[in-house]
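The task is to assemble the complex, starting from two chains supplied on their own in separate frames and drawing on the hints.
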Amino acid sequence: MPHASGYFRTTYGQDTRLVDTRTQRVAAGAFICALIALPWLANPFVLDLANQTLLAVVGAVALMLLTGFAGQISLGHAGLMAAGAFCTGILSKELGASIWLTLPASAATGALLGVIFGLPSLRLRGLYLAVSTLALHFIVIYLGHEYETRRGFSTGIVIDPPRVFGWELVDGRAWYVVFLIAAGGTVLIALNWLRSRTGRAWRALHGREAVAEALGIHVPLYKLLAFVASSTLTAMLGCLFAYYRGFVSGEAFSLFLSIQYVAMVIIGGMGSIAGAVMGAVFVTLFPYGIEWLVGLVSEALPEMRGLQNAVFAINYAAFGLVMILFLVFEPQGLAGIWRRVQAYFLMWPFKQKPLSGGGK
Amino acid sequence: MQLVVNIAVLASIYALISCGYVLIYRVSRVLSLAHGELMMLGAYGLVTTASLFAAQPGVAVAAAGLLAAATGALVYWVLMRRMTGEAVLAAVLATIALGILLRGAMVLIWSAQVQHPARMLGFDNPVVALPGGARLSTISLLLVGMNALVYLALWWFLTRTRYGIAMRAAGQNPRLAAQRGINLHAVYALAWGIAVFTGGLTGILIACDAGLDATMATIGLKAFPAALVGGLDSLVGALCGAVIVATAEVLLIHYVDPLLSDVVPFLVLTAMLIVRPWGLFGSREELDRV
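Protein chains in written order, with the working numbering: chain X, 247 to 606; chain W, 10 to 299.
Next comes chain W alone, as it looks inside the complex (with noise of 0.2 Å):
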């Protein structure tokens, strides 16, 4: 029961870090590495957010969450917007840099000891026992929570709202969007928000669960197979791959060996990548050249 409960939990924080990958990669075909950086920046958000509204939880919070949205469309203004057009790897390596100078710049900001977010906002984390003997801490559970939460306003946006739908077609054709009036950089810069959004959100709740510090932009790179595994463009594909990648990981590390842990996600990626390239619910697609 325990082992169900770990999986549910790291298929939520995979999941909802990978809806991140594949927003971005479905609207604008780039890949961006530095999502589990940006994540991070998040959780730091709320650390910034936390010491300047301590008395409100509620606030400070929000106020990280709007922090991150604005990074993210930040980036795309600033960075992202000159790689269009590039090369598929000159987009990526962008984001790579990116990375490693947001990790450097974190270090150097907020110093590289952990932090403990939750204990500054003064939230308590008591332990919750489910029928059947498993436990989780309170912060897991609203992070299964949610993610379903996530994953259903994500659909409803994608399907029912008129960005959402624009945000589809400009993934679907570029050109043929811009020509019928959808301004393209906003829409590619709305993607990059939301993505860095729910991102954000995952690194503060993770930060709240276990606290903070330069290791979290790990959980971002071994999310990412998720992503692929279940399809780079498809929600539900990375839904599905969450669940997939993190049943592997619990299970192998629970039943072989913990070192595992690590390499689980980038060797499912691999036998994915052997039989079905494209992932479970993604698209072929002519693939790019260097």
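Only chain X is shown next, with the shape it has when bound in the complex (with noise of 0.2 Å):
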């Protein structure tokens, strides 16, 4: 992170540090206090957004890892949540089995789709390999509706709560530790390989795959890695979702979920961390903002009450126009408009263009 009179880092240890100032460490705290303290404070509908949203964090981080930092894109996450979610309501409804069980075979899952998002990725790019993950989203989506059909189950797969060292996960805070955790855990995981010869290999490939493979890094390997690792935590984010819902449908997982996903990594910032998180709790609160200010609109003006009614529509509009506004005004998504935030403070009172990619 850039400081007001450069850097300061002399040695290896304090490059690969993730807090390095007093101010840095004191938010931190304060922040992750915060975290903690919510679930006492919120009432329960502010919960269950918090929950969401943690949620998102854990697969726009997954994807950010993916598209943002390795450089491959991917139009098929909800397929893999999808995938995650199938097989952990087929494991408990067919075997009653815990979720001890299923959450290892989401991870299982996802990692073998993983290696079979990634194979074609061996030999496509760009356009191509978006296109291969969109065609295995909706292979995806097909099995787990044959499933349904086959079984009976064909309105969705209703999924028991899961019982936890003798607790039973039902309660709104009790689902916001595990997501906490869950969220937090793939924030650190993801920062650890990013700053170690994993997440440098990703970048380098994401720079320029030829120069990578004259570094000795094996190409093949490497991509295939962050489509594994990427779907693996995705899948593990489509079983949380599928107990946390006690609801498995192919409904739930159509491919502007997919989209919802890439447009958290485009509005948060592509190759940013922070940025994956802000994208998610950007994406993941738009339709509450929307639906809070129809409610304003149709109570100041009676006669737009007809509103109400098209929420859902105007929701999807206006998803739309805000991803339009970031692609073409801020292609560095919210990670830039902070940086740049952050670098009229430190440069105050003189004015200096924001660092291009600089920073973390």
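For the record, the hints were derived by calculation from the structure and aren't laboratory data.
Errors might be hidden in some of the hints.
[Claimed, not checked] Taking CB as the label site, the calculated pair distances span:
no., chain 1, residue 1, chain 2, residue 2, range
1, W, Ser270, X, Arg441, 46 to 54 Å
2, X, Trp346, W, Glu95, 42 to 50 Å
3, W, Val68, X, Pro466, 54 to 62 Å
This one's a predicted model, so the numbers in the text were calculated from it and none came from an experiment.
Yeah, the Cβ is synthetic: ideal placement off N, Cα and C, and Gly gets one too.
Shown next, in the form of structure tokens:
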């Protein structure tokens, strides 16, 4: 992180440190305390929002690893989530398996699918890769639907709440703790990967494959690794999502969900874990913000009451619009805005253009 | 016999839609994933013009077609012009975002109910019996004919007219084309206009045949494997790809499982990507990074 008078890092140890000033340490501590305190202060609605956001953080960070750092496009994120969710649903329905079996099984399914999703990437790049992941998305969803209809769960698979150490996870607060651990764990894992050999290899791949290969990086291996890492995390997310909702159905994992995750990465800012978190928060809370706005408008202007029935469509349109605005005017995303604000205060009273791509 | 007819109709639908994908990709190397939504917009355009010119169906259809072409050029001028020179992913995502925006906006404007523009215009759609015991609706027949017409017209346009040749030049080497005095923005806008026009035409025909609601965008997405199987920059390829995908879809639905309908095009696509990623007739190219 650039500081007012330059970088002060003189050793590798300092360079890999996650927080390096006292202010940062205090801020991080306060942030963690606030996260821990939240479930005791919030009402159930806010708690549900927080839970959804934390789940989205897991998915967004996983996709960010793949797209933002390793540079591989995936439009099949929802398919991977569906794979984890269906794996959980099928195992708990057919075998009555507990979460201790379904979570690793989902992870294994995710890893396997990661290899399958990743194999085309060894031959295809850019557009064609995006298309192949899109195709796999539809295939995974089809298989899920097929299971539902064959077994007669045509409206979806109902899952009982899991028991962890004798506790039944039904309460929003209990779930909050689980999701907080999951999201925090994912962020930490991602950060650790990125400051180690693997992360450097991914960045090199993103930069230019031929050069990465010349540097001695095993390109196919690290590409597959990126896919496997990302899809394992995503499938585990799918498993948790299935338990949280208590219900698995193919409809929940539409193409729109994949696009939402891609939007989190874009809106958050490519190549930044903090960006992924911000993007997840933004995209998850966005529809509620729109709903609130529509509520305000229809209260102020009674003749606009009809809007309330169209909230869904307004959401869609506004979401598309915001995505376009970010793509056109702020390709660096929220992380870019954050960097610029930071630079503004650091440089004050001077003005300097933000360092392009600088900082973490 | 009925199966053959079904294949021909479905292949025509896919071919008509995928020529839009091919045209845009060939000229500007952008894959427009909003094509399904733009097609739907064309059909909704007919709903609007039909209520304006209910007495003259011909005028209504022509106006809807013009509207679609104008929309295409507008999309390029307002949105895609800013995305030229950006990474491929950004351009594709911009079209996806446009698709989402359009989908929401269309539901807002025309509601989510099923519309029947054919009824509004007073067309009837009698069933035609073909020799061999096959039956199909008049509009399906029209669709097959329209497909042949559009492809002939495109072939004539691209090989015989000044603007068509400029378009091919821009697709082959944009910088050189610009050097030779071709207005790239105009050519790109024209390509978008024609692509959305053909898409809108398809949308109009499908809407007249089967009614119009938000599910139409899915057909647009299903047609896109046809374009890719044939090769994204080849019109002949799009035609062959459409026939292959439609044949696979109709046969698998008939003999294996009707649920497969949504997934068959993508299965064919995956197979093609594994064997020959650039498609049957496409040119092998240096594929781009993110």
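Each hint, compared with the structure:
{"no.": "1", "hint": "W:Ser270 <-> X:Arg441: 46 to 54 Å", "result": "holds (47 Å)"}
{"no.": "2", "hint": "X:Trp346 <-> W:Glu95: 42 to 50 Å", "result": "holds (46 Å)"}
{"no.": "3", "hint": "W:Val68 <-> X:Pro466: 54 to 62 Å", "result": "holds (59 Å)"}
This entry satisfies every hint, going by the numbered hints stated previously.
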